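Sequence order for the protein chains is H and V.
The numbering of the first sequence is this note's numbering, which starts it at 1 and goes up by one.
The numbering of the second sequence is this note's numbering, which starts it at 1 and goes up by one.
Be careful, since some hints might not be right.
[Claimed, not checked] Straight-line C-alpha distance at most 30 angstroms; calculated DSS-like pairs for lysine-lysine: (1) H:Lys403 x H:Lys389; (2) V:Lys216 x V:Lys175; (3) V:Lys51 x V:Lys75; (4) H:Lys250 x H:Lys101; (5) V:Lys75 x H:Lys381; (6) H:Lys412 x V:Lys104; (7) H:Lys118 x H:Lys412; (8) H:Lys404 x H:Lys118; (9) H:Lys203 x H:Lys118; (10) V:Lys175 x H:Lys404; (11) H:Lys203 x H:Lys250; (12) H:Lys381 x V:Lys175.
The hints are simulated quantities; they were obtained by calculation from the structure and are not laboratory data.
Predicted model only: the values in this text are computed from it and were never measured.
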Amino acid sequence: MQLQFLEGQHLRQMLLAGAALLQERKEEINSLNVFPVPDGDTGTNMSLTVTAAVREVEMAAGDLGSIAGALANGSLMGARGNSGVILSQLFRGFAAGLEGKVEASPMEFALALQEGVKTAYRGVMKPVEGTILTVAKEGARAALQAARRGEDILGVLESAIGQAEITLNRTPEILPVLKEAGVVDAGGKGLLCIMQGALLGLKGEDLAALSQPAEVLRPVQEGVGEEPAALTYQYCTEFIIKGHGLDIEKIRLRLSDLGDSLIAVGTGEVIKVHIHTNHPGQALEIGLEQGTLHDVKIDNMAEQHREVLAANPPEAAGPGIADSDEVQAEVGTGVIAVALGEGITAILESLGVERVIDGGQTMNPSTEELVRSIENSRYNKVILLPNNKNVILAAQQARDLTKKEVLVVPSKSIPQGIAALLAFDPEADLETNGQEMTAAIEEVKTGEVTYAVRDSSFNGQKIQAGDILGLIDGELSVLGQEPEEVVLKLLEQLVEDDGEILTIYYGEGVSSAAAQELAARVSDAYPQCEVEVYEGGQPLYYYIVAVE
Amino acid sequence: MTIGIVCDSTADLPEDLVKEYGIHIVPLKVHFGQEEYRDGVDITAGEFYQKLQASAVLPTTSQPSPGEFVETYRKLLEQGIDSIISIHISAHLSGTHHSAEVAKSMLPEADIEVIDSWQASTVLGVLVLEAARAAQAGKSKAEIVDLVNRLKERIRVFFMVDTLEYLQKGGRIGKAQAFLGSMLNIKPILTLEQGIIVPAAKARGRAKGMEQLLTKMEAAIGTGRQRIMAMMHAANPEGMAELEKKARERWQPQEIIISTVGPVIGTHVGPGTLALIGISP
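Same shape as in the complex, but just chain H:
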C-alpha cells in the first residue's frame, strides 16, 4: 500500500487508532514510572490527554488542517500530567505545521513532526534528554531523512517509529535514574505507542485487535467528516449546554430521535452536543430544557460549507470553558488548590482556599479542569496551588489560557501547599503573594509514605512490590516493611532543629488509633518538637509528614 498524500481522513484514522493502542497499553506504561509509586500515571495521563483530543477531532470538519487543529486544541485542554502537557505541545506544533492544508506531502508531514518537536522543547523550561522529548526529536529527524529519500507517508512514519524505538531503548543510557530503575522512559513509550497505533490505523490493519475505549468513543459516527453521498440529515448542529446537574444520558436519549452522528460529551455543568438533524430548532429546545445554550452553530451541509470548530489560537478555547464575559468577577484574589482526601480538603478550605480540585486517583487534573476552576472563581485574580510536581505544567498551561490574572505557586506537595497558603495575604498583589508564598515553600520539608507497585531497585537496594517506600521532597529515601516504621525513619532524616513542628496527615486505610499511636511514638522520639496529627483521608499515601 502506498500513500502519497496525507488527508484529513487519514489523520483521523491515525489518531483514533493511536489513542486505542495507548489506551490498551496504558497500564504497562504506568508501570514504567521511575519510582514504583502507586500514582505513576504517565500512561493514564497521556491516554486521557489523547482521548480528549480524539473527542475534538471527531467533531471537526474533514480537511487536514481542521483535524490537526482539533487535535491541538483538544489535547491542549485535555492535557494532564507533565507528559500529557508535553504531548499536547507536540500536537500543537504538529498542527501548526499542517495549518490551512487540505493534504500534506511526505515532506510536509515530516516538517510538521519537526514543528511539534520545536514547540515541545520551547514549552519546557528545562528540557531533560532521555525522555519523550528525545524520542520525539530523533523520531522526527528520521522522518525528515525518509522524506528526503523520497519515501511515501507510510515510509516516513515507519522510519520515525523505527528510530523512536531505538531511541526509547537508549533512554536508560541517557538518564541514570532510568537505568537504576531498570526501565525505559514512560513518556517516550507512550509516544511510541501512539505512533505505532497510528501506523496500524493508516494501514487499516488489525483494527479488531485494538480495543475501542468504550468510555471514550461514541458509537460509530456515520457521516462525520465525510462528504455523504445523500444527506439524510441536513443540518450539522452543535451547541454547548451549561447548567447544573445536567443529565448527559437523558439529553442523549432525547436527541437520538432527531438525527444521527450524535455526540454528547461533558459533565454535570457543561455538555457539548453535536448532531446531524433536519430539525435543529428542536435539538436546541432539548438543550434549553436543561440549561442555557452557548456557541450555537448550525450548518446547512447541503451547501458544502462548514464552519471549522477548532482552527483558532488557544484563547478561543475548547469545550467547557465558561464564558468569562458573562459574570463580572469580584476584585480580589482567590486561591485554588489541587488535593485529594476529605480531611485535607477540609483543612485547605478552612485555611481560605476558595476551591479544592479533586485531581482524581492520580491527583492530576486536566488543563481544562484547571481553566474551568479559574473561570468559575469569584475573583478576577487567582492563585493556583498544584501541590504535585506532575500538575505544575498543566497549571502553567491553564494560566496561559485564561483571561484572568493567574499566578502558579509551584507547590509540589500538600505540606508545601499549606505553607504557601499561610503566607497568602488577600490584600496583597499577585507579585507580592508570589514572592511570599514561594519563599514559604522553602521552609517546609515533606515526607511521604506509600507502597511499591512493582519490583525495582534503589541505591543498590532491591525493592519488592508491596514494600513500603518513604520519599523526601519527592525523592525515594527510605525502604521498610511497615508504614509507621518508615515514618520514623524519614523523620530521622527530616528533623534537624529543636522547636520544629511535625505534622502528620494520615490517609484512608490508616486507623485513627494507629495514627495516634504513631504520633505518641514521634513525640517521645522528639520531645523538643511540637507534634500534630490530622486525618487527611488521602488515597495511596499512608502518611504525609510536614516538618517545619
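Once you've looked at the hints, dock chain V against the given chain H.
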C-alpha cells in the same frame, strides 16, 4: 503651666514608671460573674490570670463612667494642675474614650484635651510615657498633644495570641475574624491599625510565631538601633524572656519596657499572649 497626664488602666505601664512620672490612672473594671474588680487596684495581673484559670465563667470588662473621669479631673484641677491631657485606649475597642469626652463636656471651664490613642495595653502606655516625659521636661500642652498625635501614627505593635477565642468572645476580634476556623494549629499574628485589630500573619506553632513577630516588626521599623521598644506578655514569662533576648539581639534598643498584660486587656487576648512594640522612623 502645670500639665497633668491622665490615662486609663489599659495602658499596662510598670508601676515604677507610673510613679516616676506622676501619671494618673483611671481604672476600668473586670467582672467575674457578680464580682467586680477595679483593674490594677482591686486585682493585679498575677491574681487575674490565676483566677482566670480557676474560673468556670469567662470574665467581662467595662469602661469607667463619665462620673469617674469627672472625679479624677476635678481632683487634679483642685491640686493646681492647669491643663489635663487625657490619653486613652482606642475608641474602637472600648467606650473609655467616650466617657472621658463626656466628662470633659461636663467641665466646660477646664482645659482638658482628650486623645484617642488608637492603641491599647503598653502601646498606649508608651504614648502616655512619652507624653509624661515631655510634660516633666517642661513642654507646652500644644507640643505634647502634637507629639502624641504624631507618635500614635508611628508606633507599631505585633502580638501573638494563643487562641482567638478570647478576642472572639469579647467581641474585639475585628478583621482577625478571617483567621477563625483554621483547622491547623495556626498562631495568629495580629496588629493594630487605626485602632482596629487586624491580621498580620499566620504561623505554625509558637517558635515560628515568634519569628513572625520579629520579622513583621523589622519590616515596619527597619534594622537600625532603636531608641525605645516595649514588650508585654500575659502569663507567659518564658516566652517573654525569649522574645526580649531576640529583640535585644536584633535592635539593641537603648530602652526596653517590659510589662505584663493587665486584667482588662488580658480578658480580651487571653493568657499566653506575647507582644512587641516599636516605633517606625
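Any hints from earlier that this structure breaks? Give me their numbers in increasing order, please. 3, 4, 5, 6, 11
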